[in-house]
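Each chain is listed here by its residues.
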Amino acid sequence: MAATTRGKRRREESAKEEISPASSELPPEIIREILLRLPAKSIGRFRCVAKLFCSLSSDPGFAKSHLDLTVHRKLIVSAYNLYALDFDGIGEGVTDLVAVELNYPLKEVPSKYDEIIQRIIRERGVLGCRSVVSDEMMKLNTELYRRNWVQFIGYSNGLVCMSPADNVFFLYNPTTRDSKRLPDLARVEAHETHGFGFDDLTNDYKVVKLVADTHRVVGASVYSLKTNSWRRICDLNYKRDFEGFVAGMNVNGAVHWVFTRQEANKRVVLAFDVKTEEFREMPLPGEAEDVSRNFLVNDLSGRLCVVDICFQEHDDIWVMNEYGVASSWSRIRIRLLFTCLRPLCSTKNNDEVLMEDDDDIVLYNFKTDAWRKLRIRGANLRGGFETHSYIESLISPNLYVVEN
Amino acid sequence: MSTSKKIVLKSSDGHIFEVEEAVALQSQTIANMIEDDCVENGIPISNINGEILAKVIAYCKKHVVLPDGDTSSSSKEDLKDWDAEFMNTDQSTLFDLILAANFLNVKDLLDLGCQTVADMITGKTPEEIRTVFNIENDFTPAEVEEIRKENQWAFE
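Those protein sequence lines, which keep their order, are chains A and B. Heads up: the first sequence runs through residues 0 to 403, numbered per numbering that gives the first Met the number 0. Heads up: the second sequence runs through residues 0 to 155, numbered per numbering that gives the first Met the number 0.
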């Protein structure tokens, strides 16, 4: 008896290492369940295994189920180029993150400075370099600005909305590099700001645009991926106060901005509900109503938060603990000085949050108030950068199915 | 004091298993049969042999949720360890367990099995995948090349 048990165990152990042909074949619906539990890249690689694998993993329904099931969160960084950052290993004391350069639409379109930069490089060559080192440094810095800045509008349900050139917008999947250009609209007013969200009732991606003239935010339009068109929603009337009329923040199914009311000169949070396409106001904490200060809306682990972006250093942010409940605003003091701070997302450890401050990406522990800067290799962030978190997905903005 | 009801299951090779109703109810298939009241003389499970059925029953016993909502005496951590050990078996048994869980509609076991296979194949090559699932490559080399090109992002 003992001999056969030992023999069986040995056979089992070797079977685990070697790849044995299956004695039972798994039906397609089970293969689908297995594929759904793989990371996006594995699924992409396995599409050439057989026609079944390709067809199972290529329909939009699969992509949606996959997004719900396997949540692999990463960062996308815009620094005159686009990069993907994986922060999976952070918990195990990893301090360096490796940035992977991404291909994206209009990447190779030269910036308006490109001609000037090329000329400078040529002229330095002609005049003779003063030193090899300064010439190299000059080249590095000028290389940086040869591309256009990519503006992030937002991330929602597997897709990023971004603008790689003035007045041009794309829905982009950083994982598959699939992209769809939004129909161009002639710019009517001087200033625009946008927000991006997903309507889970109609299964539609929407981009909301607020337009403003020199002094006032005057109206709103919305783009729907299913209809691939823009339509005007309503007029608005708020003061347009600061430069950097920034993209709205998507929290809890609504896109948020901080604006000042015309009457009462009071600041409020303006929320655009992606489902109902209606606007509503929410009060700010008393101190934040002060119109001499500028507040930016952010998402701190699913809670709405506002951060004062003034030019003095400070160390506090306001968090709305219960969405929509004015009395639930509370101030959190952070052991970090900043002029601008943007929470990005939490890591596997729920107490730790990745944040973007003035110069770095920082890992902050809200329980212990300990924090550290992360070193990013493979990307030059010194010229300014912006990041956003996203979840790896197979969602394609081009294969969007109309029915649920 | 009422004794809990026992359900009798018969495997394809004639083994008889007597299980508590709470354990059997984890199989949605059996639960439906109990509701339809056709379990008087035991339930024949004609496509699962004794060895695999015994394992499925062991899983259900470990994961039973008692009437008062309390899970079995094991903590969440212990259950995870037990599940890992339970899945630590040869591929043939693993596939049979998945098929059994699918037929008996034991959702948690099916999810666990599929996740285990997914973890196992994540880093494999397409050729190795074909061996694992015993599938033929029904693409032409030109088609394979085209699919690879379309999914270039997955190879970076």
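Hint data in this document are derived by calculation from the structure and do not stem from the laboratory. Keep in mind that a hint or two might mislead.
[Claimed, not checked] Among chain A residues calculated to face chain B with C-beta under 7 Å, some are: (1) E24; (2) R31; (3) R36; (4) L37; (5) F45; (6) R46; (7) C47; (8) K50; (9) A164; (10) V167; (11) R332; (12) L336.
Just so you know, even glycine gets a beta-carbon here, dropped at the ideal spot from N, CA and C.
The hints, checked one at a time:
no. : hint : in the structure
1   : E24  : 6 Å, holds
2   : R31  : 9 Å, violated
3   : R36  : 4 Å, holds
4   : L37  : 5 Å, holds
5   : F45  : 6 Å, holds
6   : R46  : 5 Å, holds
7   : C47  : 4 Å, holds
8   : K50  : 5 Å, holds
9   : A164 : 22 Å, violated
10  : V167 : 22 Å, violated
11  : R332 : 34 Å, violated
12  : L336 : 38 Å, violated
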